[in-house]
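Asker: Position chains R, G and L against the provided structure of chain C, taking the given hints into account.
Protein chains: 4
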Amino acid sequence: MEIDRKIRYGMVGGGPGAFIGEVHRMAAALDGKIELVAGSFSSKPEKSRKMGNKLHLSEDRVYTSYEEMAEEEAALPADERIDFVSITTPNHLHFPVAKAFIEQGIHVVCDKPMTHTIEEAEELCRLVEEHDVIFALTHNYTGYPMVKEARKLVADGKLGTLRKVVVEYPQGWLAQVGEDDNIWRLDPDRAGISSAVGDIGSHAENLVEYITGQKLTELYADIHSFGKGYELEDDANMLVHYDGGLRGILYCSQVSVGEENDLNIRLYGDEASLEWHQENPNYLRIKYEDAPEEVYKRGNTYLSDAAQFGNRIPQGHPEGFIEAFANIYSNVADVITARLSGEEANALAHDFPTVYDGAHGVHFINKAIESGKNRKWVDMEYDPTDG
Amino acid sequence: MEIDRKIRYGMVGGGPGAFIGEVHRMAAALDGKIELVAGSFSSKPEKSRKMGNKLHLSEDRVYTSYEEMAEEEAALPADERIDFVSITTPNHLHFPVAKAFIEQGIHVVCDKPMTHTIEEAEELCRLVEEHDVIFALTHNYTGYPMVKEARKLVADGKLGTLRKVVVEYPQGWLAQVGEDDNIWRLDPDRAGISSAVGDIGSHAENLVEYITGQKLTELYADIHSFGKGYELEDDANMLVHYDGGLRGILYCSQVSVGEENDLNIRLYGDEASLEWHQENPNYLRIKYEDAPEEVYKRGNTYLSDAAQFGNRIPQGHPEGFIEAFANIYSNVADVITARLSGEEANALAHDFPTVYDGAHGVHFINKAIESGKNRKWVDMEYDPTDG
Amino acid sequence: MEIDRKIRYGMVGGGPGAFIGEVHRMAAALDGKIELVAGSFSSKPEKSRKMGNKLHLSEDRVYTSYEEMAEEEAALPADERIDFVSITTPNHLHFPVAKAFIEQGIHVVCDKPMTHTIEEAEELCRLVEEHDVIFALTHNYTGYPMVKEARKLVADGKLGTLRKVVVEYPQGWLAQVGEDDNIWRLDPDRAGISSAVGDIGSHAENLVEYITGQKLTELYADIHSFGKGYELEDDANMLVHYDGGLRGILYCSQVSVGEENDLNIRLYGDEASLEWHQENPNYLRIKYEDAPEEVYKRGNTYLSDAAQFGNRIPQGHPEGFIEAFANIYSNVADVITARLSGEEANALAHDFPTVYDGAHGVHFINKAIESGKNRKWVDMEYDPTDG
Amino acid sequence: MEIDRKIRYGMVGGGPGAFIGEVHRMAAALDGKIELVAGSFSSKPEKSRKMGNKLHLSEDRVYTSYEEMAEEEAALPADERIDFVSITTPNHLHFPVAKAFIEQGIHVVCDKPMTHTIEEAEELCRLVEEHDVIFALTHNYTGYPMVKEARKLVADGKLGTLRKVVVEYPQGWLAQVGEDDNIWRLDPDRAGISSAVGDIGSHAENLVEYITGQKLTELYADIHSFGKGYELEDDANMLVHYDGGLRGILYCSQVSVGEENDLNIRLYGDEASLEWHQENPNYLRIKYEDAPEEVYKRGNTYLSDAAQFGNRIPQGHPEGFIEAFANIYSNVADVITARLSGEEANALAHDFPTVYDGAHGVHFINKAIESGKNRKWVDMEYDPTDG
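Protein chains in written order, with numbering that gives the first Met the number 0: chain C, 0 to 386; chain R, 0 to 386; chain G, 0 to 386; chain L, 0 to 386.
For reference, chain C alone in the conformation it holds in the complex:
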């Protein structure tokens, strides 16, 4: 499966100083099969233009608004226009930007959380189906090869019947934030109804569903704002029950001072358990009742095809965050290439989070905050295609 050019994309957001826009660009560039050709990098035209220059884009492909970009790109001939758009704006813009491009039939890679409201999320599901576009959400942590290995081991029954999960996402960057720091993630207008759950708790929840294949049935959230000068929660501790009998703990925190980005999961079945840490992502630990603990290491031939597919360099040469992120881009590019060439993509390339995962994530955030505010268990059953 090959086409005789790189896949082309444009970016909305990711202007000067935006860390996540840089990450998307590095992730897209890594494998040499995707090129950036257009962008609307800021709502301020001057900033957008400057970014375009810095990225050596053609000036006529740098736009002053996402609406203009969606329209003009769609109007270009098929052998020039972007194949997909990357949306890396603050949260409140994900919905209108995604909508604009989907309606032009342009594929989408979108940051999470997908939208502010569940209605918007369902509208995107509907639009994706209607326009038959490819939509990928950057729950990037599922791009790590050893997370893919974890999913495969669970699916193969290595752990037996799943019983308990402990998934944690502590960060400390808000621990000492002052009232004047004007952080958009703490501003409900731009971030939505949640800070910690929306930004990182949703990654933790997605990680569990990805690895286990089980869906949340109910949760109880204890949420709190330790910081001063803002309303949104910066810490959330949850009790969680899943539809396959799994139960446990999910927590996320932005005030765990000294923690950097320590997403981690421990998952226990009746036959074995696994442990994975995002900050040391090339290793996966498997533990048994009466056998030595095993350390699976990225890049080895004893790993499954799933782990090999998302692998670039040999064992012992550490891969990191950008490589995992790049796996979403690489897979999206492969699936787009397959469409363009009229062939089937490798089944493993379809492994990226979809618009339905996005709707699930928005549902999770809303329900967690509802539980926290009412101090009640909430029923999580939900089918986004069922609006």
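Possibly wrong hints are sitting among the right ones.
Pairs count within a copy or across copies, as identical chains cannot be separated in the list.
[What the hints assert, rightly or not] Pairs of lysine-lysine residues, derived as DSSO-like cross-links and limited to a Cα-Cα distance of at most 27 Å, are as follows:
id : residue 1 : residue 2
1  : Lys366    : Lys214
2  : Lys43     : Lys98
3  : Lys151    : Lys366
4  : Lys53     : Lys5
5  : Lys375    : Lys214
Keep in mind the hints are simulated off the structure, nothing from the lab.
Answerer: This is chains R, G and L only, laid out in the frame that chain C set:
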């Protein structure tokens, strides 16, 4: 402060094959200031006698029942009789055994949980006061030097205002237990109303209170029995709130397959955080918002007096579980020695869990199970001297 | 300092299946400032053409030999031709390929070891001076931010006077190689006089010199071939003395079964010591005589400018091997850009290994093998500009 | 196999403030089968007497010299006198003290290095044979259960043919010692011809021979004194060759600032490798070419009898330095008990270092210093029974 003999003790429980009795004996022997001189090691006289022989006890100091032992030891001259008794029986016997010895004015070291019911616990508090005996409960994990250092750092304000705690106690030894294994910890008659919370959750709770000095105000427990053939919970996940504003997660599990005895705590203040793992107990990690993480190591001169006091050998020569356990015995021996010699013990020697900690523990177990059964928050305020 | 286009490069070597060619391409692409426009990927024209197609190169920029490529690229107008060439062939071709491009005034990024013989190495030094080209050798491990931090800490005197170094580079990939595996690194014609020392020992030696700024004065090597069917050493243990009084151990091994790519260094001064492991590269440990060990972590504001300069993403988001490799490319691109724009590059961008480091490396390899064969100390003093 | 009393011992050395004497006493006391009944704790009678009081010894069993103690203890009736003596003096006294007790037919536990000179060592071998006493040398690190497991795995062929060893023993306690600190280990009169090699290098060498069963055939040592004001080496780096084809690196250092007591070993065969660290002694890592790394953990049923025999408490409850040390005492006590009762001891109880290991150690120290001073390889072949 010295007397010209070793402190003498007797043991109730700890017969052939009882792991915890062995641990008590090793802990008591380690520092060469305590000697075992009497015992009622089993409810079966023959077994008790055999154990006495094995331990080279004088035959007239091996008893066929704890009642007999309490009476006869009390009747011996002061320069012969035991100074204290160690109680290492199954849980249901802690209360009657402790009562029998306290009423004879004999000091007590007792395994936890202290009693089955809160009424028994309060009765012991009353008896300890009435008979003015020393009573130590073996919440042994607070005997580790680096736990003492953690408490000191918190007291000194190193962490700032405490915000969040995550305390975990996963074990896996019940993960594959069958219905026929006849484990006393799963039998309500011998273990009481709880398995996981009573056996290990109470250690976790005690560890938090020891390090932080804060008391639980409310908790919510999600409890479950994953195993087949028994009623008591083997897994408990709790949301916890403390009286100083600290909140977080406490969990304990006996079905976390592959985990051995991984009690661990992470504690976050607004200025720094700490992390300690029982399985690697000579290290304490301190993390900051904007400075390198620090690893404090047992045995170094930069540690506080509290950590030095419970220290035997130089840095880099690992101390373990028995040494921590021995710190309770050593402290009890020092306090008894002080009484015998009419002097003051070193203030640091008074650092062992008391009968009130025991009552708190029983209260915690009862309330956690109540919360779990009713799926409700429970109010934890409690003063054991207030019965 | 900016130019209005990306820096352009061509590659020699790196055909289908060549891991290191892929790494160079990913490293060059990562930051979006370099583009691949030409190549001679294999000595077999068909293979080279195929690779060019896969990489979406223009067909007239895919060459059938490096000689043709050097000539034809040099003949292109300045606004089309490559700015530099990447040489990723087997070792024996480094010299002729580098020579061909340098003589055309084209800058070079070259794999190590730079050449087979010291004469070739000195010839390259001379040519680089004569043609005034930029020459970077991919001792990529010095690209890691925490290695740069280590160098800065040493330069700042944090460790005091350096005394001892232990640098290790164990791998296991040759542990079970058979006689029929036809591995080019074991073939003297393609690999030169050395396997382990040439391939990985030279990285270890470079790492010490980079961090400490000290030069080897003498070494004693104990070399051995554990494998069957080849002559070159697969294991080398060395005693090393440096000109600043540092002494210690350097070893490299390709038969350390189960080790993946565990380059690591411990460096002891009279005031503090440091430890760094390539397989967990985002952390640097600093230890003291009487203060807690410190763990420096990539991406934090307390790190030096040198560590920040080679940093892409925030703390806790692990960077890996490709990012470190990319730092060489990024620096080379910045220095080329500075030349093109007639400005000064950031001083930190000049931080990449040069042709003189390459000559030092070849000298090291030759002397280590000489020592090993003669079982004698060898004098290491050497000035490559002094040929 | 049982006798109806504890094994009795006396101590020479171990006066106030002597760390190693305390360790011996704790190790002897731990299992409740040995009791201290006599001692000559210091060459100063007053100090010795004070120590005896502190240890609650009978006054007539506290002696003013080791000569007196040997004689008087030997003169006591068999059911009173000590079964063995523990020698914990500075090095130069090991020989005369051991000689005195052996000649009285009293068993010996002796610190290492066993003697200053090889002649003394051989004399002890001869005396031990002549008087048929049990003699144990406290190479205590071989007492760790996971070291015993390592030996068993090697003996069972798990690693295949052994190829390479890296054994390290870095400490930092001399890194900042001044000329006035008057440290006996740096004084040739009391410490002998070596500091680092004699004190810790000999442990490293013993560890390799214990685990592998191979004997040194030749070594090359690079020794150095970094400190000021003393002659003895504080750092030694060695190349080592063994009689089974194993070769590698052995180093020891007392100036590796920030290291505490980090004895560790990595051992590579052609099929697997192992890694063990004294500071985290409950874990043993086994690595393979193409299978996940395994972590063996103390206390588990999958371990060999050898590891179980030296085990006291369940998995996850860390054992440390004292427990490993106690395994030597426990084994010696079992072997003495067997003699007294006329039965066979458990074969595993014979697992402690002997007088021949001690002679080997003295030989190793002498040869290493000889190599270091002459900058020459030294032939290590040696049979202590062959004097």
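Asker: Each hint: holds or not?
Answerer: Status of each hint after checking the structure:
1. Lys366 / Lys214: Answer is within: at 14 Å inside a copy they meet the 27 Å cutoff, but 31 Å across does not.
2. Lys43 / Lys98: Close inside one copy (21 Å), not across copies (49 Å); limit 27 Å.
3. Lys151 / Lys366: neither (29 Å within a copy, 40 Å between copies)
4. Lys53 / Lys5: This pair counts as both: shortest intra-copy Cα distance 21 Å, inter-copy 10 Å.
5. Lys375 / Lys214: both (19 Å within a copy, 24 Å between copies)
Hint check: a violation occurs at hint 3 only; the rest are consistent with the structure.
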